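Visitor: Sequence:
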Amino acid sequence: MLRAEKPPRRAPRFARRATLRRSLRLLGSFRFEQTDPAVFYGGLATDTAAMIGDFYTDVTGRSLTGTTILDVGGGPGYFADEFAAAGARYIPVEPDPSEMHAAGLSVPGAVRGSGMALPFRDGAVDICFSSNVAEHVPDPWAMADEMVRVTRPGGLIVLSYTVWLGPFGGHETGPWHYLGGEYAARRYRRKTGKEPKNRFGESLFAVRAADGLRWAATTPARVHTIFPRYHPHWAWWLVRVPWLRELVVSNLVVVATKPA
1 MLRAEKPPRR APRFARRATL RRSLRLLGSF RFEQTDPAVF YGGLATDTAA MIGDFYTDVT
61 GRSLTGTTIL DVGGGPGYFA DEFAAAGARY IPVEPDPSEM HAAGLSVPGA VRGSGMALPF
121 RDGAVDICFS SNVAEHVPDP WAMADEMVRV TRPGGLIVLS YTVWLGPFGG HETGPWHYLG
181 GEYAARRYRR KTGKEPKNRF GESLFAVRAA DGLRWAATTP ARVHTIFPRY HPHWAWWLVR
241 VPWLRELVVS NLVVVATKPA
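Using UniProt numbering, you'd call the opening residue of the sequence shown number 1 and step up by one each time.
No lab work stands behind these hints, which were simulated from the structure alone.
Keep in mind that this is a model prediction, so the values were computed, not measured.
Treat the hints with caution; some may be incorrect.
FRET-style restraints, in silico, Cβ to Cβ [said to hold, decoys possible]: (1) Arg21 x Arg240: 21 to 27 Å; (2) Arg199 x Ala85: 16 to 22 Å; (3) Trp237 x Thr65: 30 to 36 Å.
We treat Cβ as the ideally placed atom computed from N, Cα and C, and that holds for glycine.
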């Protein structure tokens, strides 16, 4: 049996935060992802900073104050203010210059670069995280390995991504992605008269929950917990059920630390 298939150990602080009310709030904001991104990503930023702060405290006993945080695929920097408020130095990495300036934000120290070849030395940061990016990368597990590489020994790695067969797997082309990514893209173009932002096979890929579990079972990093991001803590067991997890997990999170 794969190591990652065992019941994940839950981080007590975030488990207490992961309530049904939180789940409903986050899922309710998803409808604004395309029409008003600041609403969706603003709420997600608040939740992400709290989640990472909880896990970092659980594994190190310290707060985020004074830490250096690398956000792989940080886009225009929606998360910057939340991490700055927590006392951290926040560095977003984004390969697409249009995405870096999409919201009219300016983040000091933002870096243009690929998640699959991060332009940082080994052990450069205290925390490396990626939120809803792996499904947009042709080799997400090369990116995950890079995240481990640039994290200092004892540092935290948090990888969160959208599962293809979940309700949001097709992004704006869903739920037609259940009939195939190409079909969903063609239907979107026919209905709207424009190409989807997330084009299957180019900027959107089919990444399974099982893929993340497999990476977790083989990475040299120490995996602490694997859970469905938008579910209350009492539903985290869904990650352990093959096939069911592909349909209902929606977004998988792997939390690990780099061995000292």
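Visitor: Are the hints correct? Go through all of them and say.
Guide: Against the structure, the hints:
Checked against the hint of 21 to 27 Å, the pair Arg21 and Arg240 passes, with Cβ atoms roughly 24 Å apart. As the Cβ distance of Arg199 to Ala85 is approximately 35 Å, the hint placing it in 16 to 22 Å is violated. Separated by about 34 Å at the C-beta atoms, Trp237 and Thr65 satisfy the suggested range of 30 to 36 Å.
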